[in-house]
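**Student:** Line order of the protein sequences matches chains A and B.
Under numbering that gives the first Met the number 0, the first sequence has 141 at position 142, and the numbering climbs by one with no breaks.
Under numbering that gives the first Met the number 0, the second sequence has 250 at position 251, and the numbering climbs by one with no breaks.
It is worth saying that the hints were derived from the structure and are not from the lab.
Honestly, I wouldn't trust all of these hints.
To be verified - Derived DEER-like restraints, expressed as beta-carbon distance ranges:
1) A:Ala337 / B:Leu157: 45 to 51 Å
2) A:Ser235 / B:Phe172: 35 to 41 Å
3) B:Val130 / A:Pro301: 31 to 37 Å
Positions of the beta carbon are idealized from the N, C-alpha and C atoms, including for glycine.
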Amino acid sequence: MSQQFTARRLAALAGASAVLVGLVGCSTPASEEEAPPSASGDATTAPVEPGDSTGVTEDTVTIGTHTPLTGPAAAGYSSISAAATAYFAYLNDNGGVHGRSIEYIVKDDGYNPSTTQTVVRELVQQDEVFAIVNGLGTPTHTAVLDFLNENEVPDLFVASGSTSWNLPEQYPFTFGYNADYVVEGAALAQYAADEHPDKKVCLLGQDDDFGDAMIEGAELVFGTGGLTHIERYSVSNQDVTAQIGALQAAGCEINLLATINGFTALALGTSAQFGWFPMWFSSSSGADYPTLVTYLGEDVGPQLLQGLVGTNYLPSLGSEDEWVTLFRQINEDYNDGAPFDGNTIYGMSVAYTFAEALAAAGEDPTRESLLAAVTSGGLTGNGIVPLSFSEDNHAAYLGVGITMVDQGVQDYLGATYAVEGGTVTAVEAAPIPLENDALPAG
Amino acid sequence: MDHLLFLIATGLARGAIFALFALSLVLIWRAARIINFAQGAMALVATYAAFAVTGMTGSYWAGLGAGILAGAAIGLGVERGLMRFTRDSHPLAGIIVAIGLVMVLQALLGIFFGQQHRPMHTPFSDSPLTVGGVPLLSPYDIFVLVVALAVMGGLALLFNRTSMGLQLRASAFSPEVSRVLGVRVSLMVTVGWMLSAAVAALAAMLLVPTELGLNPHSTDVLFVYAFTVAVVGGLDSPVGALLGGLVVGVAMTLVTGYLGATFAPIGVLVLLVVVLLVKPGGIFSMREARSA
Chain A
0 MSQQFTARRL AALAGASAVL VGLVGCSTPA SEEEAPPSAS GDATTAPVEP
50 GDSTGVTEDT VTIGTHTPLT GPAAAGYSSI SAAATAYFAY LNDNGGVHGR
100 SIEYIVKDDG YNPSTTQTVV RELVQQDEVF AIVNGLGTPT HTAVLDFLNE
150 NEVPDLFVAS GSTSWNLPEQ YPFTFGYNAD YVVEGAALAQ YAADEHPDKK
200 VCLLGQDDDF GDAMIEGAEL VFGTGGLTHI ERYSVSNQDV TAQIGALQAA
250 GCEINLLATI NGFTALALGT SAQFGWFPMW FSSSSGADYP TLVTYLGEDV
300 GPQLLQGLVG TNYLPSLGSE DEWVTLFRQI NEDYNDGAPF DGNTIYGMSV
350 AYTFAEALAA AGEDPTRESL LAAVTSGGLT GNGIVPLSFS EDNHAAYLGV
400 GITMVDQGVQ DYLGATYAVE GGTVTAVEAA PIPLENDALP AG
Chain B
0 MDHLLFLIAT GLARGAIFAL FALSLVLIWR AARIINFAQG AMALVATYAA
50 FAVTGMTGSY WAGLGAGILA GAAIGLGVER GLMRFTRDSH PLAGIIVAIG
100 LVMVLQALLG IFFGQQHRPM HTPFSDSPLT VGGVPLLSPY DIFVLVVALA
150 VMGGLALLFN RTSMGLQLRA SAFSPEVSRV LGVRVSLMVT VGWMLSAAVA
200 ALAAMLLVPT ELGLNPHSTD VLFVYAFTVA VVGGLDSPVG ALLGGLVVGV
250 AMTLVTGYLG ATFAPIGVLV LLVVVLLVKP GGIFSMREAR SA
């Protein structure tokens with residue numbers, strides 16, 4: 000008995016040591032001599048600042064991201080990094096940027112912040128990426144915000160609408176991508192006030208920053224407490240019957256939605272069960288028509304979604320815009336013809352924006368020149384308004400356009416709103432035209 | 000008052016599903032003295048089978064039948080292929096194997112069917128019937144309640160009125176003595192697993208159409224709540240599972256309606272903690288000796 004026990008223990012010990020040895024092997028830096036001089040090195044020696052070119056070689060630039068590929072959040076988001084990867088493959092086949100191809104390392108964090116910390120450390124310390132591009136999620140990315148800024152790694156185009164990415168003083172290396180939720184809430188509320196001035200406006204929101212920020216945006220328009228009724232939901236409970244019942248009882252006529260796609264579908268489906276059909280105004284995070292149809296089903300989806308108002312800032316799926324046509328082609332050629340939806344356009348747009356920044360960073364890009372390119376204000380992106388990056392603004396889009404679903408086609412209505420200094424103003428949309436087949440020349 | 004009625008009615012149907020799933024956990028506990036953490040994932044595999052059959056035949060009922068059979072088959076496979084080998088070792092071994100099984104099954108479902116949610120349809124209308132101006136239960140909710148009660152009634156008959164039930168109870172309670180008396184204990188354990196997995200599959204198939212749709216994680220939350228229900232009611236007690244399920248379902252809706260959605264999961268956990276502190280065996284637990 001005791002002998003057997005010892006034998007087992009030995010076996011377990013041997014196994015554990017093998018794993019340990021394997022791990023140690025993995026964490027050894029591949030090549031120390033290749034490590035470039037750090038930006039923090041003594042500046043007295045060189046007349047020209049050498050800059051930090053970690054991740055850049057003669058013919059490659061390596062960048063990385065964290066995103067959920069497995070777990071409950073994967074359903075909504077795993078297609079984004081696939082679309083970005085497809086765009087980079089297209090770009091690389093056409094010569095890359097300044098002759099360098101872009102290697103995009105996608106790490107799965109399962110939308111779990113502690114996993115995000117692990118995979119981002121791997122990307123930075125082991126894979127030695129040049130930059131983190133489009134790390135996805137508010138709770139997940141918040142977990143690595145300090146790490147990336149302490150290590151002076153460019154943290155570009157975070158995939159979330161939180162306002163935390165636009166704090167240039169505190170986090171000089173971090174830049175957002177999504178229009179933030181305050182802007183979206185304000186734009187939807189302003190559109191409601193402009194087009195339907197007498198209707199009762201309510202809000203259904205997620206019980207976190209997402210919902211809070213949308214309420215803040217809506218209250219810029221209606222004033223504090225100006226919404227008729229507010230209900231919150233928790234993602235851990237896929238039953239919103241109680242909330243929908245309360246909204247109906249409050250006599251709401253327009254419901255603003257701070258919901259992710261799945262819960263937009265649940266809200267519309269549940270209220271249809273009650274035979275209640277108010278107007279729905281959804282944040283871009285929960286207003287992707289193809290995704291909503293898959294949730295609701297091909298049979299009833301199109302009918303329930305007729306008239307859904309949303310926001311967007313990227314080329315819209317419904318328009319036969321030249322960006323969309325090109326992205327569709329790239330999706331066919333480089334993404335195995337995966338379903339083409341708002342996430343695909345989003346992923347490719349982010350990837351294009353990074354390529355544009357990299358091209359502008361010069362023949363021999365460094366982390367410093369990359370950041371300088373982003374903050375220069377020279378990047379245009381491919382949205383319906385130009386990118387608004389500058390030294391003191393790290394948010395990509397301060398304006399959004401209003402979209403509507405009509406007969407299964409989701410497209411811009413023309414109304415576009417921007418938020419500056421707490422006031423909402425109507426602005427002209429100025430879509431960026433496609434240039435050089437989305438291959439930034441530099 | 001209207002609001003209260005509406006919330007209670009909404010909670011009842013959901014509670015019935017929790018109760019059914021909790022009952023499946025009770026069944027396994029009674030048969031094999033194990034808490035099967037893989038129950039949700041196993042039920043999910045069966046639900047995918049039901050989804051496939053419904054897709055091919057166009058019939059909800061064919062899918063439901065196939066799902067129940069698939070559930071029983073998975074129960075058979077897991078018991079004979081995995082759990083049998085953990086029985087004589089440390090009690091934790093079975094739990095750890097079950098948790099590993101969850102990960103494997105969810106990963107496989109993700110690999111083969113993708114992470115997207117697939118809508119499942121209900122055989123009856125989802126629209127609530129309005130009584131005196133208050134929307135109450137929908138025909139589908141009534142269907143769920145009837146099915147849940149019928150299954151529980153059927154199982155009660157099986158356990159208390161048949162020779163098979165007696166053997167099942169005997170081999171769970173005292174395997175050694177039963178074996179001496181000629182009961183085929185290992186067969187009874189397998190039957191217990193099959194019954195339990197089939198009931199769990201049924202509960203999952205009833206729940207998924209009311210939520211976001213079928214996805215490799217559709218039963219995660221169901222398992223957590225049903226586990227709470229089973230512990231609150233007493234792992235040994237089918238009556239506890241039934242009442243516990245209804246109480247938790249209604250309590251969750253009431254908390255959501257009056258306090259906010261954020262508090263609903265917390266409320267359930269508070270209930271769990273209180274019961275564990277005050278009556279660790281569960282509200283409807285049997286004698287001390289049997290819960291050991």
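**Student:** Each of the hints needs a verdict: does it hold here or not?
**Tutor:** Checked hints:
Checked against the given bound of 45 to 51 Å, the beta carbons of Ala337 of chain A and Leu157 of chain B, roughly 49 Å apart, stay inside it. Between Ser235 of chain A and Phe172 of chain B the beta carbons are some 37 Å apart, a value that agrees with the proposed interval 35 to 41 Å. Between Val130 of chain B and Pro301 of chain A the CB atoms are about 32 Å apart, so this pair conforms to the stated range of 31 to 37 Å.
Taken one by one, the earlier hints all hold for this structure without exception.
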